[in-house]
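Chemist: Each chain, written out:
Protein chains: 2
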Amino acid sequence: MSNTMNFSAGPGALPIEVLLEASKAVEALPETGISVLCMSHRSDWFRDVIDEAENNLRKLLDIPDNYHVIFMQGGSSLQFSMLPMNFLRGTNRHAEYIVSGYWSAKAFREGQFEGEAKVVWDGEETGYTRLPSLNDLDLSPDATYLHYVSNETVEGLEFTWIPGLNDVPLVCDMSSNLLASPVAIDKYAFIYAHAQKNLGPSGVAVCILKDEFVKRANSTLASMLDYRMHIQAKSIFNTPPVFSIYVLMLVTRWLRDKIGGLAAMGAINRRKADLIYGALDTDAGFYRVHGQRPFRSTMNIVFRLPNPSLEKLFLEESQREGFHGLEGHRSIGGLRVSLYNAVSLDAAKALSTWIVEFLRQHG
Amino acid sequence: MSNTMNFSAGPGALPIEVLLEASKAVEALPETGISVLCMSHRSDWFRDVIDEAENNLRKLLDIPDNYHVIFMQGGSSLQFSMLPMNFLRGTNRHAEYIVSGYWSAKAFREGQFEGEAKVVWDGEETGYTRLPSLNDLDLSPDATYLHYVSNETVEGLEFTWIPGLNDVPLVCDMSSNLLASPVAIDKYAFIYAHAQKNLGPSGVAVCILKDEFVKRANSTLASMLDYRMHIQAKSIFNTPPVFSIYVLMLVTRWLRDKIGGLAAMGAINRRKADLIYGALDTDAGFYRVHGQRPFRSTMNIVFRLPNPSLEKLFLEESQREGFHGLEGHRSIGGLRVSLYNAVSLDAAKALSTWIVEFLRQHG
Chain A
1 MSNTMNFSAG PGALPIEVLL EASKAVEALP ETGISVLCMS HRSDWFRDVI
51 DEAENNLRKL LDIPDNYHVI FMQGGSSLQF SMLPMNFLRG TNRHAEYIVS
101 GYWSAKAFRE GQFEGEAKVV WDGEETGYTR LPSLNDLDLS PDATYLHYVS
151 NETVEGLEFT WIPGLNDVPL VCDMSSNLLA SPVAIDKYAF IYAHAQKNLG
201 PSGVAVCILK DEFVKRANST LASMLDYRMH IQAKSIFNTP PVFSIYVLML
251 VTRWLRDKIG GLAAMGAINR RKADLIYGAL DTDAGFYRVH GQRPFRSTMN
301 IVFRLPNPSL EKLFLEESQR EGFHGLEGHR SIGGLRVSLY NAVSLDAAKA
351 LSTWIVEFLR QHG
Chain B
1001 MSNTMNFSAG PGALPIEVLL EASKAVEALP ETGISVLCMS HRSDWFRDVI
1051 DEAENNLRKL LDIPDNYHVI FMQGGSSLQF SMLPMNFLRG TNRHAEYIVS
1101 GYWSAKAFRE GQFEGEAKVV WDGEETGYTR LPSLNDLDLS PDATYLHYVS
1151 NETVEGLEFT WIPGLNDVPL VCDMSSNLLA SPVAIDKYAF IYAHAQKNLG
1201 PSGVAVCILK DEFVKRANST LASMLDYRMH IQAKSIFNTP PVFSIYVLML
1251 VTRWLRDKIG GLAAMGAINR RKADLIYGAL DTDAGFYRVH GQRPFRSTMN
1301 IVFRLPNPSL EKLFLEESQR EGFHGLEGHR SIGGLRVSLY NAVSLDAAKA
1351 LSTWIVEFLR QHG
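As you go down the protein sequences, you meet chains A and B in turn.
For the first sequence, our numbering gives the first residue as 1, with consecutive numbering after it.
For the second sequence, our numbering gives the first residue as 1001, with consecutive numbering after it.
No lab work stands behind these hints, which were simulated from the structure alone.
Model, not experiment: these values are computed from the prediction.
For glycine and all other residues, C-beta sits at the position ideal for the given N, C-alpha and C.
Hints may contain errors.
[As the list claims (entries may be wrong)] Not the full set, but computed from the structure, chain A residues with beta-carbon under 10 Å of chain B:
| id | residue |
| --- | --- |
| 1 | L14 |
| 2 | I16 |
| 3 | A22 |
| 4 | E110 |
| 5 | V119 |
| 6 | A217 |
| 7 | M224 |
| 8 | F243 |
| 9 | S244 |
| 10 | Q292 |
| 11 | G325 |
| 12 | R330 |
| 13 | I332 |
| 14 | G334 |
| 15 | S344 |
[Said to hold, decoys possible] If you want the footprint, here are the derived chain B segments under chain A, 3+ residues with CB under 8 Å:
| id | segment |
| --- | --- |
| 16 | 1014–1020 |
| 17 | 1026–1038 |
| 18 | 1159–1171 |
| 19 | 1233–1244 |
| 20 | 1324–1337 |
[Claimed, not checked] Far from chain B, some chain A residues (derived; all Cβ distances over 12 Å):
| id | residue |
| --- | --- |
| 21 | A13 |
| 22 | E21 |
| 23 | R42 |
| 24 | V69 |
| 25 | M85 |
| 26 | G127 |
| 27 | P132 |
| 28 | P141 |
| 29 | H194 |
| 30 | V214 |
| 31 | M265 |
| 32 | D274 |
| 33 | E327 |
| 34 | G363 |
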């Protein structure tokens, strides 16, 4: 196996150039002679790293000045809880959730701990195979926020439109597609994403918060759970995950300098997804894509074969061919091809060819 | 500068062998051909890593079977809050705190968010220059827990005895001296420590919890803030900081195989501290150690020079000599020598010689 043929759903592939630079930095940073793992988070060197990471994100995503960008620990799962703690608890209002798959259902459950959380659309009834349109949503203008997940990593469903009402703050978990293509940041009050898909290694999450929304936050929370503390401290309230943020900075630099930004990245990602779906669609009776066609994700392609023993064979043979990480999520089974930014077009081509070949032999 | 002369207070020095192995793993793990940063947290490889990390900790610290060991994100600062959320909130009892320095004061402030937190001894009155004895503590047998910090990293004060009453669960932040010498785990209900002193890089914290104590925990908390969730999920409730845990595993392996355990490590640490204090004590009017003699830390040696310009000179000249990270904490100023496990006896010898030389030239 190798880093170039890694289709894992997360922690996912990272660019080879980034891995090589990070590897050297673990031995010793050229700038300091000391390992990146042993650098103080209060050093000028790290302040520069975190500033560049933020600035690269601001440029890549065209983030307006009235949004804060912070780096947090605890992954998206902690955001599932911090969101309702900060913006639902004690409000006498309700929060709204679109439940479109495994991860948005988890976010909803954590919302219920903190107040009245309401499901405005539930995809479970259709086996999480489709996404809603605006008419499907039971929205109310006095919700404290509306939450959704832009790409359901487990089921392979991706929103191509932005849901919600104008006056209700829109919150989105973009863990598996942030930085994969351009985003209209100004439509959102709060976007969060853990790093281990398109941003970097696990251990850090990015939060992009509109200032006006932050001002509404609950002010009685423990420091570590209060967004304002982390904003005020410029992401160094306590010792941050220095290495994870450093690698995230390298990834954003790669996107900026090698790829040329998110429009270019989005076009490459579209071509990669078309290659794999194209291969699967050569026999839709054999390769059964989980999501209905209009909702197919560019990031995670989820499918089944006619029976479990063929799926087992697919996994074994793909591994022998050097393709890594094609097993489906443990909750749903089957197979999954994840095509995060660092998966190259060549890798997608190689896999698509092999998918057709597997069909020829076993179809 | 180099990794061998790193006296930084944290993130601190790590063993050279560990840095070299971690560096290779970032490029590609020999076992998988894939970077450690891109390995799935659900892989057998990572399950082995986390199991070995736990087992090494259990052996090194002689942790009894009725204690859980879990790996968490958020550093000690999140533990400052999770402790009172789980064990104070909603109890109708009070929690007790020994406030002996910068970090224990922070822990106390977070306790106050969740219920009645009471200071049983306050070292601020004596400028955080000493630690209490048992008679100094205003303890009550019906406290829900007693919290203290075993080593105050900022002021350089270290407990040499274990405070508390038999029937009150004892909780300790051992962030800056866990794994530096043996610990009587069975005296404690809960020990926590972030990694970036003696355990590994930042991004992970270790929690050691007595099963009987965990059973008392508040059951209405968000999943990510509930110790039982993390225990049940064996530290993989959500995507953990894979790389930080991997390096922690390497560090515990180094302690086990190269150092030979915590008694051996403790003896080396004692000798290192004696060397530095010995050098400082050659002129106690010039080198003014912050803590009173019986409370001097083996991990963090905090001192001042007669005036700020001499302190500036000390920092500049020490850096020129290749000694890294000797500045004091921003809250207190002055100078600080941190002697975590990975700082070698040779490094301590070199620094102690230079300390005497600096005195000879400027004393």
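Chemist: Hint by hint, say whether it matches the structure.
Modeler: A quick look at each hint next to the structure:
{"no.": "1", "hint": "L14", "verdict": "holds (6 Å)"}
{"no.": "2", "hint": "I16", "verdict": "holds (9 Å)"}
{"no.": "3", "hint": "A22", "verdict": "holds (5 Å)"}
{"no.": "4", "hint": "E110", "verdict": "holds (6 Å)"}
{"no.": "5", "hint": "V119", "verdict": "violated (18 Å)"}
{"no.": "6", "hint": "A217", "verdict": "violated (15 Å)"}
{"no.": "7", "hint": "M224", "verdict": "holds (5 Å)"}
{"no.": "8", "hint": "F243", "verdict": "holds (6 Å)"}
{"no.": "9", "hint": "S244", "verdict": "holds (6 Å)"}
{"no.": "10", "hint": "Q292", "verdict": "violated (27 Å)"}
{"no.": "11", "hint": "G325", "verdict": "holds (7 Å)"}
{"no.": "12", "hint": "R330", "verdict": "holds (7 Å)"}
{"no.": "13", "hint": "I332", "verdict": "violated (14 Å)"}
{"no.": "14", "hint": "G334", "verdict": "violated (15 Å)"}
{"no.": "15", "hint": "S344", "verdict": "violated (14 Å)"}
{"no.": "16", "hint": "1014–1020", "verdict": "holds (count 3)"}
{"no.": "17", "hint": "1026–1038", "verdict": "holds (count 9)"}
{"no.": "18", "hint": "1159–1171", "verdict": "violated (count 0)"}
{"no.": "19", "hint": "1233–1244", "verdict": "holds (count 8)"}
{"no.": "20", "hint": "1324–1337", "verdict": "holds (count 3)"}
{"no.": "21", "hint": "A13", "verdict": "violated (6 Å)"}
{"no.": "22", "hint": "E21", "verdict": "violated (9 Å)"}
{"no.": "23", "hint": "R42", "verdict": "violated (7 Å)"}
{"no.": "24", "hint": "V69", "verdict": "holds (19 Å)"}
{"no.": "25", "hint": "M85", "verdict": "violated (7 Å)"}
{"no.": "26", "hint": "G127", "verdict": "holds (23 Å)"}
{"no.": "27", "hint": "P132", "verdict": "holds (26 Å)"}
{"no.": "28", "hint": "P141", "verdict": "holds (27 Å)"}
{"no.": "29", "hint": "H194", "verdict": "violated (7 Å)"}
{"no.": "30", "hint": "V214", "verdict": "holds (19 Å)"}
{"no.": "31", "hint": "M265", "verdict": "holds (18 Å)"}
{"no.": "32", "hint": "D274", "verdict": "holds (24 Å)"}
{"no.": "33", "hint": "E327", "verdict": "violated (9 Å)"}
{"no.": "34", "hint": "G363", "verdict": "holds (29 Å)"}
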